[in-house]
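Enquirer: Full structure from sequences and hints, please.
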Amino acid sequence: MATHANVNLPLPVLPEGWSGEKDFKAIGSISAATQRSIEPVGPHFLAHARRARHKRTFSEDDRIQAQENAKKVEDDDSGEISEPEDPSMLLRDAKDWKTTTPYSASPNTATERLKTKSSAPTAKKVLKHHPDKRAAAGGTEDDSFFKCIQKATEVLLDPIKRRQFDSVDERADVEPPSKKAAKDGKYYKLWSATFKAEGRFSKVQPVPKFGDEKSTKEEVDAFYNFFYNFDSWRSFEYQDEDVPDDNENRDQKRHMERKNNNARKKKKTEDSARLRKLVDDAMAGDARIKQFRQEANASKNKKKLDKEQAERDAKEAKEKEKAKAEQDKKDAEEKAKVERESNKKNKEQAKAAVKKNRRVMKGSVKDANYFVEGEAPASAINAVLADVETIQGKIDADETAELADKLRDLKLAADIKKVWTAEAKRLVDASKIKESDIKTFA
Amino acid sequence: MSAEEASAQGATPGERVAIGISFGNSNSSIAVTSFDDKAEVIANEDGDRQIPTIISYVDGEEYNGQQAKQQLIRNYKNTVAYFRDYLGQDFKSIDPTHSHFSAHPQEHDSTIAFTIQDKEESEPSTVTVSEIATRHLRRLKQSASDYTGKQVNSAVITIPTNFSEKQKSALSKAAADAGLEVLQLIHEPVAALLAYDARPESKVADKNVVVADLGGTRSDVAVIASRGGIYTILATAHDYEYAGVHLDKVLQDHFAKDFIKWHGTDPREDQRSMAKLKLESEATKKALSIGTNANFSVESLAEGADYASTINRLRYETIARKVLDGFNRLIEGVVKKAGLDVLEIDENFAAIFPESTAILAPSTTPTAINPSELQARGAALQASLIQEYEAEDIDQSTHPAVTTVKHLTNAVGVLSITGDESKGIFTPILSAETAVPARRTIHINVPKEGGDVLVKIVEGGSHIKVTKEEPAKTNGNKDDSDEDSDDEPEERREKVWKVGKVLAEASVKDTKKGGKVEVMINVAGDLAVTVTAREVGAKGGVRGTISAP
Numbered sequence: 179m180a181t182h183a184n185v186n187l188p189l190p191v192l193p194e195g196w197s198g199e200k201d202f203k204a205i206g207s208i209s210a211a212t213q214r215s216i217e218p219v220g221p222h223f224l225a226h227a228r229r230a231r232h233k234r235t236f237s238e239d240d241r242i243q244a245q246e247n248a249k250k251v252e253d254d255d256s257g258e259i260s261e262p263e264d265p266s267m268l269l270r271d272a273k274d275w276k277t278t279t280p281y282s283a284s285p286n287t288a289t290e291r292l293k294t295k296s297s298a299p300t301a302k303k304v305l306k307h308h309p310d311k312r313a314a315a316g317g318t319e320d321d322s323f324f325k326c327i328q329k330a331t332e333v334l335l336d337p338i339k340r341r342q343f344d345s346v347d348e349r350a351d352v353e354p355p356s357k358k359a360a361k362d363g364k365y366y367k368l369w370s371a372t373f374k375a376e377g378r379f380s381k382v383q384p385v386p387k388f389g390d391e392k393s394t395k396e397e398v399d400a401f402y403n404f405f406y407n408f409d410s411w412r413s414f415e416y417q418d419e420d421v422p423d424d425n426e427n428r429d430q431k432r433h434m435e436r437k438n439n440n441a442r443k444k445k446k447t448e449d450s451a452r453l454r455k456l457v458d459d460a461m462a463g464d465a466r467i468k469q470f471r472q473e474a475n476a477s478k479n480k481k482k483l484d485k486e487q488a489e490r491d492a493k494e495a496k497e498k499e500k501a502k503a504e505q506d507k508k509d510a511e512e513k514a515k516v517e518r519e520s521n522k523k524n525k526e527q528a529k530a531a532v533k534k535n536r537r538v539m540k541g542s543v544k545d546a547n548y549f550v551e552g553e554a555p556a557s558a559i560n561a562v563l564a565d566v567e568t569i570q571g572k573i574d575a576d577e578t579a580e581l582a583d584k585l586r587d588l589k590l591a592a593d594i595k596k597v598w599t600a601e602a603k604r605l606v607d608a609s610k611i612k613e614s615d616i617k618t619f620a
Numbered sequence: 000m001s002a003e004e005a006s007a008q009g010a011t012p013g014e015r016v017a018i019g020i021s022f023g024n025s026n027s028s029i030a031v032t033s034f035d036d037k038a039e040v041i042a043n044e045d046g047d048r049q050i051p052t053i054i055s056y057v058d059g060e061e062y063n064g065q066q067a068k069q070q071l072i073r074n075y076k077n078t079v080a081y082f083r084d085y086l087g088q089d090f091k092s093i094d095p096t097h098s099h100f101s102a103h104p105q106e107h108d109s110t111i112a113f114t115i116q117d118k119e120e121s122e123p124s125t126v127t128v129s130e131i132a133t134r135h136l137r138r139l140k141q142s143a144s145d146y147t148g149k150q151v152n153s154a155v156i157t158i159p160t161n162f163s164e165k166q167k168s169a170l171s172k173a174a175a176d177a178g179l180e181v182l183q184l185i186h187e188p189v190a191a192l193l194a195y196d197a198r199p200e201s202k203v204a205d206k207n208v209v210v211a212d213l214g215g216t217r218s219d220v221a222v223i224a225s226r227g228g229i230y231t232i233l234a235t236a237h238d239y240e241y242a243g244v245h246l247d248k249v250l251q252d253h254f255a256k257d258f259i260k261w262h263g264t265d266p267r268e269d270q271r272s273m274a275k276l277k278l279e280s281e282a283t284k285k286a287l288s289i290g291t292n293a294n295f296s297v298e299s300l301a302e303g304a305d306y307a308s309t310i311n312r313l314r315y316e317t318i319a320r321k322v323l324d325g326f327n328r329l330i331e332g333v334v335k336k337a338g339l340d341v342l343e344i345d346e347n348f349a350a351i352f353p354e355s356t357a358i359l360a361p362s363t364t365p366t367a368i369n370p371s372e373l374q375a376r377g378a379a380l381q382a383s384l385i386q387e388y389e390a391e392d393i394d395q396s397t398h399p400a401v402t403t404v405k406h407l408t409n410a411v412g413v414l415s416i417t418g419d420e421s422k423g424i425f426t427p428i429l430s431a432e433t434a435v436p437a438r439r440t441i442h443i444n445v446p447k448e449g450g451d452v453l454v455k456i457v458e459g460g461s462h463i464k465v466t467k468e469e470p471a472k473t474n475g476n477k478d479d480s481d482e483d484s485d486d487e488p489e490e491r492r493e494k495v496w497k498v499g500k501v502l503a504e505a506s507v508k509d510t511k512k513g514g515k516v517e518v519m520i521n522v523a524g525d526l527a528v529t530v531t532a533r534e535v536g537a538k539g540g541v542r543g544t545i546s547a548p
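Residue numbers (our numbering), protein chains in the order written: chain W, 179 to 620; chain H, 0 to 548.
Just so you know, these hints were derived from the structure itself, not from any lab.
Just so we're clear, the structure is a prediction, and the values are computed from it rather than from any experiment.
Even glycine gets a Cβ: it sits at the ideal position worked out from N, Cα and C.
Take these hints with a grain of salt, some might be off.
What the hints assert, rightly or not - A short, non-exhaustive set of chain W residues, derived as facing chain H with CB atoms under 8 Å:
id	residue
1	Asn186
2	Leu192
3	Gly206
4	Pro218
5	Pro221
6	His226
7	Val346
Claimed, not checked - Heads up, simulated EDC-like pairs for lysine to aspartate or glutamate below, C-alpha to C-alpha not over 20 Å straight-line:
id	chain 1	residue 1	chain 2	residue 2
8	W	Lys233	H	Asp525
9	H	Lys149	W	Asp409
10	H	Lys512	H	Glu534
11	W	Lys200	H	Asp451
12	H	Lys118	H	Glu60
13	H	Lys447	W	Glu194
14	W	Lys200	H	Asp145
15	W	Lys589	W	Glu551
16	H	Lys256	H	Glu316
17	W	Lys381	H	Asp145
18	W	Lys455	W	Glu489
19	W	Lys387	H	Glu14
20	W	Lys203	H	Glu534
21	W	Lys500	W	Glu517
To be verified - Covered stretches of chain W, going by a simulated chain H footprint (3 or more residues, C-beta under 8 Å):
id	stretch
22	209-215
23	331-340
24	378-386
Expert: Below, the structure written as structure tokens:
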């Protein structure tokens, strides 16, 4: 721990006669401590936890940490392989620095480099190609390559400029596969590589993967949606023509700037169109899309067929029902007709029977001589017949027949009267007639 | 959702994109660490850095934050607010007062749920508080993902110090459902302090800090001992009586009374008027925290009558006196509970949390910059520290076996000027409540003429000396007396050290004139002490061990 407090008050002078073994005397020990929980938060706690878990003391931990840090630096160093430059590059003129890629010294592949922030590759180059060094080593004093290095460093250190360079760094591109190449089962592999390279320009990360023949419909849809709505950070400032620096030609400068701006816009549009075409091409050759479409069609067709079948079935069922209903109706009509006819006959028969029975009834009272001795007076006949008619009016055909049966074989007036009285009583009890209506059979 | 869950569980340390979330009962905020290891609070899509912890549904569409807050007026039945404290609780143990003007909590299978219409044209559904929290966290996660351009999959979340294990696991589950791996749950005051100590100008020092959070629905105060960057909570207090809503209430009553005077109707009696009054009171309160004057204006407050008024800071402080005093008493109570005196509090930095105005500090003035963001920033810092570790590593490091350690009861230091225990001046090297193992180094001047010096290691206790009248002379302890600016002649309180037990003596011989002696004290976990004393710049030195008690 490097921090320490300063105290200005001086230490006391050693009293006379003070002595201790090795100048140290332990006198007491520290008071008992309280147990508390410390909060597991912050860098200092992490250090504490590291020490506690590995049972290190402060000085041990300091040493181990220092060692680890030192190791890291070394690893970084060894990662920087000093590879020989392409001789043609060394002959480059400083003016052509743009064509010298800033990454030329890096051993990493282009895509890997996009992930790293390090801009170290040029550092060692400087050591090697500095004009002074070259001169000392007996070389020429040509510093054009050194200027290229300087420019490259400038680009790599500035995140904006670096991004501009990355935008136009085509070496990381993977050419879209030709139809022929993509034919024999390599389709997914080749296009995956292409889109992986394209994905580096996306503002939204991570970029969905192209997938393979096993990808689900959702994944494939997500992929194509993503690339059709691609949000790219790619810009083309790096390919600008140089704007003259002098103050004199302002118009010229503005003209150049405008021109550059238009060129950038144009390139951006072209790039979008290029990507769109790329996606179109990929989609056109994508067996998965065809498969999904077929599946969708099949399911759609199936639905359609099902629907039609269902409609047909429904229609048939309806027709059947209709025919059945008509037949039923016809049957019912015929039946009704027959019934009506038989009913008519029955009714006529019944009517005749009733008439006959009524005659029997009237005859019975007549047989009984209207329940009087000797010649019956008209009034008595009327009274009896009125009663008979009253009763006849209230009883139906069956009852009439029943009553007539009872009366048919009776000859004695008393018996006949008994039957009539019983019948009248039954009707009064059933409250079909009133007692007052009956005169003779009461 | 399956992909989300998979990412929450299966993220390896290298793939983690971690953020800090301050999940408050009233407001939440999210912070990320930028590439230069600075934590910053980020705004959501509405541009709010303080995102109200409210979620609302209108015609099946989900609204969150400030937009949801507006729905409290028209659509309070489908708006869920103040739900954080319901997480992992029984229905019986919650206080639903604050949900009076939003969706009401109900009991539902041993948990708490809300009945809200969260889908278009269907029956209102019952949504558990865990699901609500998940939806809220998912929105926060989405905001952070949009900001960083990467899918956020893990987080450090702040919690109040009195969260139970059940509440913690409920919160972790809700976060996991939202696709967030909870790296760690850290205490709110500690998170704030961590962010505060991460200022570039701050130094690692031993200090006692009061973190006071006057929140929306609750107030939390914690006294934290910060010893060499290691934090120990000495005491906490939680209060539901003196919180932001009570300050709102004061303003509501104030303006409601005024409104009655003009229009004869009480806006507090109508649900919608009350909601408007509440929202505007809160806005006014926040405006008063910044300026000395604030407007209060509501269109159609009640019965179609508009209302506009202003209030100044002084008036507000007068009417809110009761709440503010209560809050101050709370702070003083906690300091006492921690066994300290207000004079022993070195920093009182975060007294103003979002809801508050000036809170007078017991000893020093609040020093924090934008205190409302501290918690989230602290969480983000912690997230950036631990996101490289395996989940198992984190678990082991936060295990009680590691976090529970001995703390010194007395300060340990050296005596200056004279070796006589009754007269020497105690200079603390290790303060009381320092977690052991601990190591501290100090440099002490030697007497002017140099020569042999005595290093006397002693224990020291501090106590508060109360002098009845303005002392004519100080008894040599002037450097220790706190900068007590408003000296009252009757009573003067100062902190003095009392020399306690002598632990060891050592001598450093032949020091140079104007030289310095470095004393290093190393207290091991079992309280054994190693003392090293040597002259700065010289070789050798004295080294001795005091055995454990």
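Enquirer: Against this structure, judge whether each hint is valid.
Expert: Status of the hints after comparison with the structure:
Annotation: interface hint on asparagine 186 of chain W holds; nearest CB of chain H at approximately 6 Å, less than 8 Å. Below 8 Å, beta-carbon pairs count as interface contacts, and leucine 192 of chain W has one with chain H at about 4 Å; its hint therefore holds. Given hint, glycine 206 of chain W at the interface with chain H, holds; its Cβ is 5 Å from that chain's nearest Cβ, closer than 8 Å. Interface restraint check: proline 218 of chain W against chain H, minimum CB-CB distance 4 Å, threshold 8 Å, status holds.
Satisfaction of the interface hint for proline 221 of chain W is found here, the shortest Cβ-Cβ separation to chain H being roughly 6 Å, below the 8 Å cut-off. For histidine 226 of chain W, the suggested interface contact is upheld, since its CB lies about 6 Å from the closest CB of chain H, less than 8 Å. Checking valine 346 of chain W against chain H: minimum C-beta separation of about 21 Å lies over 8 Å; hint violated. Distance check on the hinted pair: lysine 233 of chain W and aspartate 525 of chain H sit about 13 Å apart at the alpha-carbon level, within 20 Å; holds.
Taken as a hint, the lysine 149 of chain H and aspartate 409 of chain W pair is honoured in the structure, with Cα atoms around 14 Å apart against an allowance of 20 Å. For the proposed pair lysine 512 of chain H and glutamate 534 of chain H, the alpha carbon gap of about 11 Å is at most 20 Å, so the pair holds. For a cut-off of 20 Å, the pair hint linking lysine 200 of chain W to aspartate 451 of chain H stands: about 14 Å separates their Cα positions. The suggested pairing of lysine 118 of chain H with glutamate 60 of chain H holds, with an alpha-carbon distance near 7 Å, which does not exceed 20 Å.
The straight-line distance between the Cα atoms of lysine 447 of chain H and glutamate 194 of chain W is roughly 18 Å, inside the 20 Å bound, and the hint therefore holds. A threshold of 20 Å between alpha carbons decides the hint, and for lysine 200 of chain W with aspartate 145 of chain H the separation of about 66 Å lies outside it, so the pair is violated. At most 20 Å may separate the alpha-carbon atoms for a hinted pair to count; lysine 589 of chain W and glutamate 551 of chain W meet this at roughly 15 Å. Distance check on the hinted pair: lysine 256 of chain H and glutamate 316 of chain H sit about 17 Å apart at the alpha-carbon level, within 20 Å; holds.
Restraint check: the Cα-Cα separation between lysine 381 of chain W and aspartate 145 of chain H comes to about 10 Å, which is no more than 20 Å; the hinted pair holds. This hinted pair does not check out: lysine 455 of chain W and glutamate 489 of chain W have alpha carbons roughly 45 Å apart, beyond 20 Å. Of the supplied pair hints, the one linking lysine 387 of chain W and glutamate 14 of chain H holds, its CA atoms being roughly 17 Å apart against a limit of 20 Å. Only pairs whose Cα atoms come within 20 Å are accepted, and lysine 203 of chain W paired with glutamate 534 of chain H is accepted, the gap being roughly 18 Å.
This hinted pair does not check out: lysine 500 of chain W and glutamate 517 of chain W have alpha carbons roughly 25 Å apart, beyond 20 Å. Chain H is given as covering the stretch 209-215 of chain W, and this holds because 7 residues of the stretch bring a CB closer than 8 Å to a CB of that chain, at least three being needed. Residues of the stretch 331-340 of chain W lying with their CB closer than 8 Å to a CB of chain H number 0, which falls below the three-residue condition for coverage. Look at the stretch 378-386 of chain W against chain H: 4 of its residues bring a Cβ nearer than 8 Å to a Cβ of that chain, three or more, so the hint holds.
Checked against the numbered hints above, the structure violates hints 7, 14, 18, 21, 23; every other hint is satisfied.
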